[in-house]
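Chemist: Heads up: the sequence shown at position 121 corresponds to 121 in this note's numbering, and the numbers run straight through without jumps.
It is possible that some hints are incorrect.
What the hints assert, rightly or not - Simulated DEER-style distance windows between Cβ atoms: (1) Pro40 / Gly86: 29 to 37 Å; (2) His70 / Pro44: 36 to 44 Å; (3) Leu42 / Val2: 46 to 54 Å; (4) Gly86 / Tyr36: 22 to 30 Å.
Quick caveat, the hints were computed from the structure, so don't treat them as lab data. Cβ atoms here follow ideal geometry from the backbone N, Cα and C, with glycine treated the same way.
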Amino acid sequence: MVEVVVTGISLVSALGKSLVDSWQLLLAGKSGIHIYQPFPELEPRPLGLIDKQPAQVRVLTQQLVASVLHDAGLVSPLPNCGVVIGSSRSHQAAWEEMARWMYLEVESGGSVRSRGSMRSGGSEINIFPPHPSYSTLTGSRYAST
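Turn these sequences into a full structure, and let the hints guide you.
Modeler: Next comes the structure, spelled out in structure tokens:
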């Protein structure tokens with residue numbers, strides 16, 4: 001039996017750019033949902049927007065993983081580590097595809113080799129190491145595996 005432990009958590013939400021900020025504002029009764037409509041021809045709707053959010057999933061992922069490693073007090077590389085990423089932004093498939101493309105390359109013989117690591121600041125972040133558990137731990141689609 002494999003023991004699963006949560007060692008680090010990170011969060012970017014409409015309430016705040018960090019887990020601590022979001023939690024404090026939530027406890028204070030604040031909401032990240034506001035009436036907003038950038039298109040005048042449509043009726044305004046409640047939206048949860050994140051100010052100055054990175055447009056690229058890769059940049060957001062780098063920031064979140066760096067925050068998770070800091071929260072956990074861990075230093076990469078972590079070859080026997082699995083990562084679970086959850087999102088309400090409908091980018092789950094993009095994160096999974098990015099992981100497959102960036103970190104794994106299936107060679108002609110069927111063996112798998114790493115494409116390298118992601119860098120964030122001065123740290124090397126190996127989010128999805130070439131480890132058999134990576135695909136079972138990357139995303140809600142695989143959460144029950």
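Chemist: Take the hints in turn and mark each one as holding or not.
Modeler: Status of the hints after comparison with the structure:
For Pro40 paired with Gly86, a C-beta distance near 34 Å keeps the hint of 29 to 37 Å intact. Checked against the given bound of 36 to 44 Å, the beta carbons of His70 and Pro44, roughly 38 Å apart, stay inside it. The hinted window of 46 to 54 Å between Leu42 and Val2 holds, with their beta carbons roughly 48 Å apart. About 24 Å separates the C-beta atoms of Gly86 and Tyr36, a value consistent with the hinted range of 22 to 30 Å.
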